[in-house]
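Participant: Taken in sequence, the protein lines are chains H and E. The numbering of the first sequence is this note's numbering, which starts it at -7 and goes up by one. The numbering of the second sequence is this note's numbering, which starts it at -7 and goes up by one.
Worth flagging that the hints you see were computed from the coordinates, not collected in a lab. Careful, some of the hints might be misleading.
All copies of an identical chain are treated as equivalent in the list; a pair is satisfied when it fits inside any one copy or across any two copies.
[As the list claims (entries may be wrong)] Here are the computed lysine-lysine pairs in the BS3-like style, where the Cα-Cα straight-line distance is at most 27 Å: (1) Lys78 to Lys14; (2) Lys15 to Lys4; (3) Lys78 to Lys51; (4) Lys43 to Lys95; (5) Lys95 to Lys51; (6) Lys51 to Lys14; (7) Lys51 to Lys15; (8) Lys4 to Lys14; (9) Lys(-1) to Lys29; (10) Lys(-1) to Lys95; (11) Lys29 to Lys43; (12) Lys95 to Lys14; (13) Lys4 to Lys51; (14) Lys43 to Lys(-1); (15) Lys15 to Lys43; (16) Lys43 to Lys78.
2 protein chains.
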Amino acid sequence: MTMDDVKPLFSKVEHVHHLIGKKWVNLIVHVLLEEPKRFSELHTIIPEISKRMLGERLKELEECGLIRRAVIPERPVRTEYSLTDKGRELGEALGHVELWAMKWL
Amino acid sequence: MTMDDVKPLFSKVEHVHHLIGKKWVNLIVHVLLEEPKRFSELHTIIPEISKRMLGERLKELEECGLIRRAVIPERPVRTEYSLTDKGRELGEALGHVELWAMKWL
């Protein structure tokens, strides 16, 4: 890739890091890598985040196509969050940064 | 790792993504992965960035221990920027996110 190809790509990559750098976002992705979770399950795992902020973070991740929200027609109705393929592959890539952090931070 | 171990780590990881998400930071790391560069060389490769901002970005990366600034006692004196081991390994980890971005963005 030439620098002219690389620059627009890195501009997009910056936005991803900006999102992932927001409080709790990377951890949410990390937790969802394991398996889909309900809102209440996510909140049990990360009680430090307010429900309002958790809702906002999930919405941001959904808008970027990284997670999907599925309403499961049971009684009572269940809402489940899971990573899309795009989100799962990002989560795996972020795993390399997490390993780096375990070594260096 | 338990969630109690993971949370402080992810808090640190967020700061890394916050830094990498700043305009031009990831590209600077990417360029330095190839080989050490002088300030003027970096500015030639990324003329879109002002010299003032390039200086600020390099200082931020240096403060995080990701790059080092070496003054080479030649005539005229040369200042060269290179990645530390910590910075190189982060750059390699970020490469996985770049590959993800090439596929998905």
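Participant: Output the indices of the hints that this structure fails to meet, ascending.
Facilitator: 4
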